Amino acid sequence: MAFAAFGQNAGPSTVAPTKSGRVAWILLLPGLMYLGLFFLTPLFSLIITSLQVPDASGEIGRYQYGFAIENYWLVIESYWPHIIRSFAYALAATVLALLISYPLAYFIGVKARRRPLLQGLMLTLVIAPFFISFLLRTIAWKQIFSNESWIVNSLQSSGLLASDQYLVGTPFMVIFGLTYAFIPFMTLPIYSTLERLDIRYLEAGADLYAGPATTFRKITLPLSMPGIISGTLLTFIPIAGDYVNASRDFLGSTETAMIGNVVETNYLQINDYPAASALSVLLMLAILLLVTFYVKRSGTDDLL
Amino acid sequence: MRKFSFGKYALAIYSLLAIIYLLIPIAYTFAFSFNDSVKSNISWRGFTLDKWTGVCNQQGVCEAFANSVLIGVISTLIATALGTMIAIALVRYRFRFRSAVSLLLFLPMATPEVVLGAGLASQFLSMGTQKGFITIIIAHVMFCLSFVVVTVKARVASLDPALEEAGRDLYGSPAQVFWKITFPLLLPGIISAALLAFALSFDDFIITNFNAGPETTFPKFVYTAAARGIPAEANVIGSAVFILAIAIVMTVQIRTSIKQKRLSK
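Chains as they are written, first to last, in the numbering used here: chain A, 1 to 304; chain B, 1 to 265.
None of these hints come from the bench; they were simulated from the model. All values derive from a computational prediction rather than experimental measurement. Note that the Cβ used here is the ideal one computed from N, Cα and C, for glycine as well. Watch out, some of these pointers could steer you wrong.
What the hints assert, rightly or not - Not close to chain A: a few residues of chain B, all C-beta gaps over 10 Å, as computed:
hint	residue
1	Tyr28
2	Gly46
3	Asp50
4	Thr53
5	Val73
6	Leu77
7	Gly167
8	Leu170
9	Leu263
Claimed, not checked - Chain A is faced by these chain B residues, among others (derived, beta-carbon under 10 Å):
hint	residue
10	Leu49
11	Leu125
12	Val149
Stated by the list, open to error - What the simulated footprint calls covered on chain A by chain B, stretch by stretch (three residues with Cβ under 8 Å from a Cβ of chain B suffice, anywhere in the stretch; the number is not a length):
hint	segment
13	89 to 98
14	128 to 134
Hey, can you work out the whole structure from these sequences and the hints?
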């Protein structure tokens, strides 16, 4: 949704040619300076911190400027399982969220089009999770699937889980939680493209003897591609950096720790700022590369 | 003749199940706000209204909540003002480096929160800034700004420039044209942007955790409490905010549908 909105550059027709650039910069500068100071500069701070070396005093949590590129090799060496795990979980959760969201978005955007009341109600219910704390929702899942819950008990008595096996703390649970948390981010952009889909295209497909499957594959799916792209990006990026679901106080355990958990522990608990910063820079680079590649492949160059 | 299509119902049932899935944790949180729990709120021990009537008896919950509201309001005001100005400039004015500006606005939304949080924390660390209330607000304005721009921009783009031209033709000064024509027409977009910014700020945990220092917010309270069990009072606050937000959204929806009906008459 957000990504698509930036893609639509305001057409020249809405730009009054008489308006001078000076006024534009008066309007732009405060906000852009803010982003320069508190978004761009921090990214540079992050790179500088990632290259720091321990302070000569040897005190814990004290670092001095340096050019320790080896910090990067060290974090890759220590944390490559977390890096791979983050992207694997993010991929799995994004695919699951797409499978759940697409039919839902199709129903709201196309089937419920003639009933504005139903459409409005369903949209409200899709965004309803946003109105209650993300952490409370995650804790709710933890308790629903807790070791003493009837779900786990019945899975154990039916033999699907061994008597010493539980759900909380497993990769399954973390992916489940991540999928759940980001479904609205997937559903909304897909809904907004499907909502504009002209039904007559589908009728034309049927008139030309295409079955429902062919019509879907040749017409609906390509036309909803911009929504799928924004949705998958809006889901994948935050999931890759999430550390709440995988935290051992929530749905995960030490075996499910993701990059975000390592950054949090290193930054806020061990105060190993260079390692945490190097990992953050790597995560940012990986995501920028993936996004650029993905956007190029999907052929929507006008995204930016 | 129409033949009975199973597909139609399958899709409806699938959508219904998906919605139920989305609502389960909300219902759970709400139900457990009535639990007569002692310390941790895990197993059901009977119905009580005590947690609702005495929500502030639990240490720290109300303070954290009030702090979150205050941070949300201040961040929203700043982000909405800055973002609205940018949105107007993007749609209505010609300027150089447009694509660089778009990229700068897009990037914060494409950056994982943990990177935004750690980056800002690194900057505060290198500047020797004490983390607290102010640094949380700085962080929140930063990540809300782009979302405000996107939301308001859509509204500016749908605005007919002829309306403002008419105002100028009638010798309205630029300030008059802006405050009497442009601003009232943009207001719905600005309000939805502000609501979005407030919701983002109020619920943010990841970035806040890196930049809060000793300061508490409601999500931070919940996160810290998670290790030893979240008190039912946190469920009360979560549920109350949820009911209020749903009421606002429903009112807005009903009002717009009434307006549309009137227009179509």
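Hint check:
1. Tyr28: Incorrect as stated: the minimum Cβ-Cβ distance to chain A is 4 Å, not above 10 Å.
2. Gly46: 17 Å, holds
3. Asp50: 19 Å, holds
4. Thr53: 20 Å, holds
5. Val73: For B/Val73, whose nearest Cβ neighbour in chain A is about 17 Å away, the distance exceeds 10 Å, so it holds.
6. Leu77: 13 Å, holds
7. Gly167: Per Cβ check, B/Gly167 is outside 10 Å of chain A; nearest 13 Å; holds.
8. Leu170: For B/Leu170, whose nearest Cβ neighbour in chain A is about 17 Å away, the distance exceeds 10 Å, so it holds.
9. Leu263: 14 Å, holds
10. Leu49: Because about 19 Å separates B/Leu49 from the closest Cβ in chain A, which is outside the 10 Å limit, the hint is violated.
11. Leu125: The hint holds - B/Leu125 has a Cβ within 10 Å of chain A, the shortest such distance being about 7 Å.
12. Val149: 8 Å, holds
13. 89 to 98: violated (count 0)
14. 128 to 134: Holds, because 7 residues of the segment 128 to 134 of chain A bring their Cβ atoms closer than 8 Å to Cβ atoms of chain B.
When held up to the earlier numbered hints, the structure conflicts with 1, 10 and 13 and fits the remainder.
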